[in-house]
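Colleague: So the sequences go chain by chain: A and B.
In terms of our numbering, the first sequence opens at residue 1 and continues consecutively.
In terms of our numbering, the second sequence opens at residue 1 and continues consecutively.
Just so you know, these hints were derived from the structure itself, not from any lab.
Keep in mind it's a predicted model, so treat the numbers as computed, not measured.
Hints may be right or wrong, so weigh each one.
Said to hold, decoys possible - Subject to a maximum C-alpha distance of 30 Å in a straight line, what follows is the list of computed DSSO-like cross-link-like pairs (lysine-lysine):
hint	chain 1	residue 1	chain 2	residue 2
1	A	Lys94	A	Lys222
2	B	Lys21	A	Lys8
3	A	Lys116	A	Lys68
4	A	Lys332	B	Lys21
5	B	Lys21	A	Lys130
6	A	Lys54	A	Lys27
7	A	Lys68	B	Lys17
8	A	Lys112	A	Lys141
9	A	Lys116	A	Lys12
10	A	Lys223	A	Lys246
11	A	Lys8	B	Lys17
12	A	Lys27	A	Lys12
13	A	Lys59	B	Lys21
14	A	Lys21	A	Lys31
15	B	Lys5	A	Lys8
16	A	Lys31	A	Lys88
17	B	Lys21	B	Lys5
18	A	Lys179	B	Lys5
19	B	Lys21	A	Lys68
20	B	Lys17	A	Lys332
21	A	Lys94	A	Lys68
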Amino acid sequence: MPRPHGGKLINKLTIAALIDKRIEEAKELPKVDVSTELRIDLENIAVGLYSPLKGPLTKNDFDAVVDKGRLSNDVPWTIPILLDVSEKDSEKFKEGDSITISSNSENFAIIKVEEKYGWDKETYCQNVYKTNDAEHPGVQKTANMNPVLVGGELELFNETPGVFPQYRLKPEETRFLFKEKGWRTVAGFQTRNAPHIGHEYVQKTALSFVDGLFINPLIGKKKVGDFTDIVILESYEALIKNYFLKNAAILVTLEMEMRYAGPKEAIHHAIVRKNYGCSHFIVGRDHAGVGSYYGPFEAQEIFEDYPDLGIAPIFFRNFFHCNKCGGPQNDKICPHGEEDRVNYKGRVMRQLLSEGKYPDDTQMRPEVTEAILKHKQPFVE
Amino acid sequence: MGDEKVAIEISKELVDKVAEKIEGTSIATVEEYIELLLENEFPEETEYTAEEEELIRERLRRLGYIE
Numbered sequence: 001m002p003r004p005h006g007g008k009l010i011n012k013l014t015i016a017a018l019i020d021k022r023i024e025e026a027k028e029l030p031k032v033d034v035s036t037e038l039r040i041d042l043e044n045i046a047v048g049l050y051s052p053l054k055g056p057l058t059k060n061d062f063d064a065v066v067d068k069g070r071l072s073n074d075v076p077w078t079i080p081i082l083l084d085v086s087e088k089d090s091e092k093f094k095e096g097d098s099i100t101i102s103s104n105s106e107n108f109a110i111i112k113v114e115e116k117y118g119w120d121k122e123t124y125c126q127n128v129y130k131t132n133d134a135e136h137p138g139v140q141k142t143a144n145m146n147p148v149l150v151g152g153e154l155e156l157f158n159e160t161p162g163v164f165p166q167y168r169l170k171p172e173e174t175r176f177l178f179k180e181k182g183w184r185t186v187a188g189f190q191t192r193n194a195p196h197i198g199h200e201y202v203q204k205t206a207l208s209f210v211d212g213l214f215i216n217p218l219i220g221k222k223k224v225g226d227f228t229d230i231v232i233l234e235s236y237e238a239l240i241k242n243y244f245l246k247n248a249a250i251l252v253t254l255e256m257e258m259r260y261a262g263p264k265e266a267i268h269h270a271i272v273r274k275n276y277g278c279s280h281f282i283v284g285r286d287h288a289g290v291g292s293y294y295g296p297f298e299a300q301e302i303f304e305d306y307p308d309l310g311i312a313p314i315f316f317r318n319f320f321h322c323n324k325c326g327g328p329q330n331d332k333i334c335p336h337g338e339e340d341r342v343n344y345k346g347r348v349m350r351q352l353l354s355e356g357k358y359p360d361d362t363q364m365r366p367e368v369t370e371a372i373l374k375h376k377q378p379f380v381e
Numbered sequence: 001m002g003d004e005k006v007a008i009e010i011s012k013e014l015v016d017k018v019a020e021k022i023e024g025t026s027i028a029t030v031e032e033y034i035e036l037l038l039e040n041e042f043p044e045e046t047e048y049t050a051e052e053e054e055l056i057r058e059r060l061r062r063l064g065y066i067e
């Protein structure tokens, strides 16, 4: 099992004995209200998922991450975690002060403000998203962010239970769990979809040379037409129950916003899985991509720049069902031509499912289809 | 890991390759890179107190992750 990123698992949760005191203190401090997504990011810092971060980035780290994809101490870090505030809010406090962070008017954390600073959104977008195109969801989000950034250490005293508390584990818990299961090597698999046969094939290929599979769906904001979170979880439960050896795979949710930053986000996703305790991370075609902003394998190529990442990527290229081979294949091992290959097309499968029909058995396991069709509305409306 | 160090001989060609690979990264020396690789192979166990261990085990059991 790799050491946590940066060497130590960060814990910025208030100890139980001090929670009431912090709740009272927070009432007296200047307050900044943040979005649900940012609250989740701050929780992820507090529980150690974003180790070694101890709070939203200070200027030195922000500059280093934007310029080099590394923190100021050179530790790999590619997605800036930012606390943005309005000019008006920023006037309520100065550097050295503590401020209360709330979301939907519920206080949940205190940040000791180390720095307040401005930022150049154009350079930021160009370096993180590789574009300034207003159509890119990350660029759109950045355009709507506030002009002042606040960096400093965080203490979180009010943790949300999570959307699916029964599937939400902290890194200290997953690390313990891997040890209990005797898993020395673990492959992390990120998903935002119900599993088709192609996914299963990738997972089992990885599982052939590691001890355990860590299936880690991203829970949170989704696009219209995506599978709902509950459908993703139940379809994976069906797959694990029927098609995996006992003690070979576990399902844990990750609440984290998608940035669609392609290669930079692939590194971020790998770091988070390293903090969970994974030794390997599966990176597919166009990982975390959107539209045609990134090359199909750019999210794999970027790992060349990070030999010091401390988690091994497992790359997969194109996979498909081959009629001649009679099963799932990929373009590294199947000698047959296009005429024999049937691609796993999520869009086509979703269309069939939306009509209440079963995709072909070579595309999706019937138990998985059943789990999906059990829901009247399996897609985000 | 402890602070005591010992010398190990490896081929100069390999050392040069590692030096090239780590250039511009957070790893300052070839020794550091090799230590990182080996530490991942033989990691330090995370220390839990008996009380922490019991709390985590109980929660994992309750959620069905362990029996």
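Colleague: When the hints from earlier in the document are held up against this structure, which numbers fail?
Modeller: Those not satisfied are hints 1, 10.
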